[in-house]
Amino acid sequence: MLIGGILVITRKNPVHSALALIVTLLAQASIYLMLYAPFVAGVQIILYAGGIMVLFLFVIMLVSIDRSMRERQFNSQWVAGIIAATALGGLFIAVYTKGTSIFPEHALPVVENDNTQKIATMLYGQYMFAFEIASLLLLVAIIGAVVMAKKKI
Amino acid sequence: MGRIILYIQSYLSSDQTPGAAGNMFWVLVYIMLVFGGLSVAVIAMNWLERKILAHMQVRLGPMRVGPHGLLQPIADALKLLLKEDIMPAEADGVIFWVAPFVVVLAAFTVFVVVPFGPTHAITDMNIGILFMLGVSSLSVLGIVMAGWASNSHYPLIGALRSSAQMVSYEVAMGLAVVSVVLMTSLNATGTGTLSMIGIVQAQQSQGVWFIFKFFPLGLIGFFIFAVAMVAETNRAPFDLAEAESELTAGFHTEYSGFRWSLFFLAEYSAMIAVSSIAVTLWLGGWLRPFPNALSGSTWDFMFSFFPAAAFLFLAAITFFNVVRMPKHPLFRIQTIGLAGFGVVLGLIGLVLLVPAVRMRVQDIFWFSAKVAAFMYLYIWYRGTFPRYRFDQLMRMGWKVLLPMGLGVLILTAGVALLQQNLWHP
Chain F
451 MLIGGILVIT
461 RKNPVHSALA
471 LIVTLLAQAS
481 IYLMLYAPFV
491 AGVQIILYAG
501 GIMVLFLFVI
511 MLVSIDRSMR
521 ERQFNSQWVA
531 GIIAATALGG
541 LFIAVYTKGT
551 SIFPEHALPV
561 VENDNTQKIA
571 TMLYGQYMFA
581 FEIASLLLLV
591 AIIGAVVMAK
601 KKI
Chain A
8 MGRIILYIQS
18 YLSSDQTPGA
28 AGNMFWVLVY
38 IMLVFGGLSV
48 AVIAMNWLER
58 KILAHMQVRL
68 GPMRVGPHGL
78 LQPIADALKL
88 LLKEDIMPAE
98 ADGVIFWVAP
108 FVVVLAAFTV
118 FVVVPFGPTH
128 AITDMNIGIL
138 FMLGVSSLSV
148 LGIVMAGWAS
158 NSHYPLIGAL
168 RSSAQMVSYE
178 VAMGLAVVSV
188 VLMTSLNATG
198 TGTLSMIGIV
208 QAQQSQGVWF
218 IFKFFPLGLI
228 GFFIFAVAMV
238 AETNRAPFDL
248 AEAESELTAG
258 FHTEYSGFRW
268 SLFFLAEYSA
278 MIAVSSIAVT
288 LWLGGWLRPF
298 PNALSGSTWD
308 FMFSFFPAAA
318 FLFLAAITFF
328 NVVRMPKHPL
338 FRIQTIGLAG
348 FGVVLGLIGL
358 VLLVPAVRMR
368 VQDIFWFSAK
378 VAAFMYLYIW
388 YRGTFPRYRF
398 DQLMRMGWKV
408 LLPMGLGVLI
418 LTAGVALLQQ
428 NLWHP
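Protein chains in written order, with the working numbering: chain F, 451 to 603; chain A, 8 to 432.
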């Protein structure tokens, strides 16, 4: 995942960056698997790697990339970059050294056989309102995209 | 030697798939078997497609290479291996090289969860069907990469069209699959399952193949999936992206020799993969016809002769054709070859009559027979239907199949709810 992430930001060719992002997303799916969440891993592969990245690649391939490939890469904000990276590194070290005592409950449910069923029960039961709001948001996005792309309404 | 036999026997009486049992050795054996079987199936499909298309078009097809063209696939494979490997000058080297492998990987990894029997799968993930849909959507990426890396406009347009088509029909496929997953939850505990083996066991416990459940909803769902799977694999009548008369072979124009054969391999494996999804979800997987209506040991006994009968029938047809071969001396070697093939088929049929083999091979045989029927349907569609124009194709995917899929899902949920409330108030 680290290699994929680094490749995303360092490649000149945007198509290579997009492919490295696909590798990163697949590694993310395997991290979900290691956290005993197979449903999220499967959905990550279907939606992110198989859907969203395909659309990314569409756009990248339809836009000419010669101009952007010939531009000189620049690094003029390296001060802010170093400060942000140090802060993030400090956060990581702090969490790592404190260990699991930060989190109130660290008992991870190992049983993953009914992960999908449990997610479904929670999503349609306890978190129904959030689910409906998220789907309404997606509907608004779809309608917005159609309105913007149509020639005449 | 005795210990090896004991080990094999102890395995054969297990009730779990090798992956679920964590047994790495048998997992590897199964992977080899599935890989080998798939390669043989792709080779057979090559020959079958040319012969069946030819017979549908009232011509003969390949007859020269072996008896009745049986060695044609081997000649094709040799030709593809020996062809010059061309890479366009301006092509993106790494992506050009990786693209066929991504498509082949995606097409073959799907078979990890395909259930040939209650314990005959490489493993049984509890997100089985989700895994299959996800990994088969990764092949879209390989196609886009292939079209881009060729650095020429025909492949690029072909790749973009092909991937747009595949993504569109994935939505319709997903909806049809969701309606089936809904049907698996109509059991005593009220929880469904996404695992492939679980879906077939749900059909067995509910006593009905899902294609016939809530008639005609199961049938319409199956029809949606059947159309979407043909479009998903870029086969006729949805093969605009790779048809020779339209785009000079689309995204694999610039690929020659072995690289093209990888695309070809991946296409046929993807066909077999989505057919096995359809068979598992709607047609009862490894169950023999009428598992509950005609149950009991005598019916089991009678149905258990089907594999042997099928192979013996094929052997009989082969011997009939041996008799019909021309009696010219130059044809002697072909006649002998065909007779040898018939003898091999007959021997397989006789081996399948042995009781120990007969009991174990039932599941695999019925599953493979149903998938073979789907392969025949694929070839039939290619020989029958004219090609869809691309805008008609996209219109069908979004405006026809998607609303139908949504309708089937809502109606299935409604009927299931009615059934639950009427029978268990």
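To be clear, the hints were calculated from the coordinates, so they are not data collected in a lab.
Heads up, some of the hints might be wrong.
Restraint-style ranges between C-beta atoms, simulated for each label pair [to be verified]:
no.	chain 1	residue 1	chain 2	residue 2	range
1	F	Ser480	A	Pro393	41 to 51 Å
2	F	Ser480	A	Val47	25 to 35 Å
3	F	Val509	A	Pro393	49 to 59 Å
4	A	Leu112	F	Val509	57 to 67 Å
5	F	Thr536	A	Lys90	24 to 34 Å
6	A	Val178	F	Gln523	30 to 40 Å
7	A	Leu35	F	Asn563	21 to 31 Å
8	F	Leu505	A	Val47	29 to 39 Å
9	F	Leu541	A	Leu35	41 to 51 Å
10	F	Ile533	A	Leu112	50 to 60 Å
11	A	Arg394	F	Val596	21 to 31 Å
Some chain A residues close to chain F (C-beta under 7 Å, calculated; not the full set) [stated by the list, open to error]:
no.	residue
12	Asn133
13	Ile134
14	Leu137
15	Phe138
16	Leu140
17	Gly141
18	Ser144
19	Trp155
20	Asn158
21	Ser170
22	Val174
23	Val178
24	Met401
25	Met403
26	Val407
Cβ coordinates follow ideal geometry from the N, Cα and C atoms, glycine included.
Checking each numbered hint in turn, tell me which of them this model violates, lowest number first. 3, 4, 5, 10, 20, 23, 24, 25 and 26
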